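Asker: Listed below, chain by chain, are the residues.
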Amino acid sequence: MQIYLPIAEMSLNALLLLGLGGMVGFLSGMFGVGGGFLMTPLLIFIGVPPAVAVGTEANQVVAASVSGALAHWRRGNVDVRMGVVLLVGGFIGSTLGVWLFTFLRSIGQIDFVIAVAYVLFLGIIGVLMVVESTRSWFRARNPSAPRRKLHNHTWLHGLPFKMRFRRSKLYISALLPLGVGIFVGILAAIMGVGGGFVMVPAMIYLLGMPTSVVVGTSLFQIVFVTANVTFLQSVNNQTVDIVLAMLLVVGSVVGAQIGARVGEKLRGEEVRVALGLIVLAVCARVAWTLVATPEDVFSLGQAGEH
Amino acid sequence: MAERRLALLICLLAFIPGAQAQRLAVDLSSSEVAISTGFSGAELLLFGAMEGYGDIVVTVIGPHRDEVVRRKERLMGIWVNGASVTFKGAPAYYRIAASRPLHEIATPEILDQLEIGVAEIELFTRSERTPAEIIEFRKALIRNKKRLRLYSEDIFDIKIVRDLLFRSTIPFPANVPIGDYEVNVYLFKDGKPISQQTTSLPVRKVGLEAQLYNFAHDQAPWYGAIAIVIALIAGWLAGVIFRRA
Chain A
13 MQIYLPIAEM SLNALLLLGL GGMVGFLSGM FGVGGGFLMT PLLIFIGVPP
63 AVAVGTEANQ VVAASVSGAL AHWRRGNVDV RMGVVLLVGG FIGSTLGVWL
113 FTFLRSIGQI DFVIAVAYVL FLGIIGVLMV VESTRSWFRA RNPSAPRRKL
163 HNHTWLHGLP FKMRFRRSKL YISALLPLGV GIFVGILAAI MGVGGGFVMV
213 PAMIYLLGMP TSVVVGTSLF QIVFVTANVT FLQSVNNQTV DIVLAMLLVV
263 GSVVGAQIGA RVGEKLRGEE VRVALGLIVL AVCARVAWTL VATPEDVFSL
313 GQAGEH
Chain B
62 MAERRLALLI CLLAFIPGAQ AQRLAVDLSS SEVAISTGFS GAELLLFGAM
112 EGYGDIVVTV IGPHRDEVVR RKERLMGIWV NGASVTFKGA PAYYRIAASR
162 PLHEIATPEI LDQLEIGVAE IELFTRSERT PAEIIEFRKA LIRNKKRLRL
212 YSEDIFDIKI VRDLLFRSTI PFPANVPIGD YEVNVYLFKD GKPISQQTTS
262 LPVRKVGLEA QLYNFAHDQA PWYGAIAIVI ALIAGWLAGV IFRRA
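Heads up: the sequence lines are chains A and B, in that order. Start counting the first sequence at 13; every next residue gets the next number (the numbering used here). Start counting the second sequence at 62; every next residue gets the next number (the numbering used here).
In isolation and in its complexed conformation, chain A is listed as follows (with noise of 0.2 Å):
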């Protein structure tokens, strides 16, 4: 069943969205994580042109994340000044982010930019994940072993601008949570991704949130972000597609149920690994697109680029 893409200006098979759209969202909801860093990949390596992926991803991402975010709000697990402080950044930095992507679009790099940023988040997330998830497992059964300590003073603790952020039972630096929301406002336009795969790790490593308000609160931000990302994207680039959104939603929203109660009759460490396996061999895939000879050196600028 072809659909015509009116954004993408091309034809895809609609069920072949539907599954995509199935499996990124089985895989988010067993491992609890957006998707967006696995879709758009995806659709590029189906033909979707990079900068449709990533705009149209971001509307994705909006909807993927709006019910979980309201579910956690309901739960009071959402630091709501905290939030709103990385929200601000988030604002900031996907405005200048989808600035970039508009000024390296007309230079003819954004797919570069996209694939060269890919291969690198994905390769730190996903080796972190693999070592973190192995440690744990291994710590598992050798309970004598030192831990970690959880909570650590650094010059990150001396910064201005100390706010009080109660839910988090925080007194530190407003600049972490803006800088934090600026760093994953940037990645959010250029990698149409929802960014909590930096940002979650961000919360709990670098800002030393407790684990109970990380999610929440990074849903509260992405849905925020990813919607103004949207806006920017629809308005600069026209590269939005909705009919392609509504279809990876469909499939993602029902992929995604099924994949949390298949998710919980799993131990979390193998979890992690797994999908820390899966994230790696994105990343070699991407990176191979960067290394492997061209079939032609030459290539056609799309259509509105200069």
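Take the hints with a grain of salt, since some may be wrong.
As the list claims (entries may be wrong) - Pulled a few chain A residues facing chain B out of the computed Cβ check, cut under 7 Å:
1) Ala75
2) Val78
3) Leu112
4) Leu116
5) Ser118
6) Gly120
7) Leu302
8) Val303
9) Ser311
10) Leu312
To be verified - Capping the alpha-carbon separation at 20 Å, the derived lysine to any residue pairs in SDA-like fashion look like this:
11) B/Lys149 x B/Asp241
12) B/Lys133 x A/Thr305
13) B/Lys149 x B/Thr186
14) B/Lys207 x A/Ala186
15) B/Lys200 x A/Ser311
16) B/Lys133 x A/Val128
17) B/Lys133 x A/Val100
18) B/Lys207 x A/Val309
19) A/Lys174 x A/Val100
20) B/Lys220 x B/Lys133
21) B/Lys220 x B/Asp241
22) A/Lys181 x A/Gly88
23) B/Lys220 x B/Gly252
24) B/Lys133 x A/Ala299
25) B/Lys200 x B/Asn245
26) B/Lys200 x B/Ser213
27) B/Lys207 x A/Leu312
28) A/Lys181 x A/Val227
29) B/Lys133 x B/Gly150
30) B/Lys149 x A/Ser311
31) A/Lys181 x A/Pro222
32) B/Lys207 x B/Val129
33) B/Lys133 x A/Asp308
34) B/Lys207 x A/Gly59
35) B/Lys133 x A/Val227
36) B/Lys133 x A/Trp300
37) B/Lys207 x A/Pro306
38) B/Lys149 x A/Val227
Simulated from the structure, these hints should not be mistaken for laboratory data. Just so you know, these numbers come straight off a predicted model, no measurement behind them. Idealized CB from N, CA, C, for every residue including glycine.
Starting from the structure of chain A, add chain B where the hints point.
Answerer: Chain B only, in chain A's frame:
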């Protein structure tokens, strides 16, 4: 069926004295290419009748626009886009079909003048690169366009029946650029074009596809806002449905 009826009509037209003076009558199986939800490419039939023997050449030229050709260069083991050349007003689509190999039909000068043949497509650039490099980029543009099936050469695609009727197909891939196309039919006799007919052929999006595309480009802020609202509602709805289930 429609095809046969058209052929019959053209057949009859060819014998009407007034029409014979034109020496050439052409029609297409459709007056436009409409891109709708199920669009996965289209094929149009071109029909015609001609007076006496001769050779038929058909060119289809898409909307003119700027095409950027980039060359990747290897930088520390990684392929990066390097030099680029912009060709002004290059046709987004080009198709040529003929009843015989072009060099048997007319001299290169005549073919060049009429922009007949992929090698004859007019590609203009202000680039200051060396002529040899520009030729390389020009070849790359044509090669890439051919790979996307947006440029095509099909020499024996035109069937001539009893020196009177001819037909040809014009394929449009799913990624066909929208805009105004020009279908040119030439009748050659003894190496000279003695008759020509040009038909305009719009390629456009229709229905929901057209509305969404125009909306996204003409009212981008509203499009963005609506994309967000739809995503919020879809996400929220999914949460509600699955919580109940």
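Asker: Please flag the earlier hints that this structure goes against, numbers listed from lowest up.
Answerer: Hint check: 3, 4, 5, 14, 17, 20, 21, 25, 29, 35 and 38 fail, others pass.
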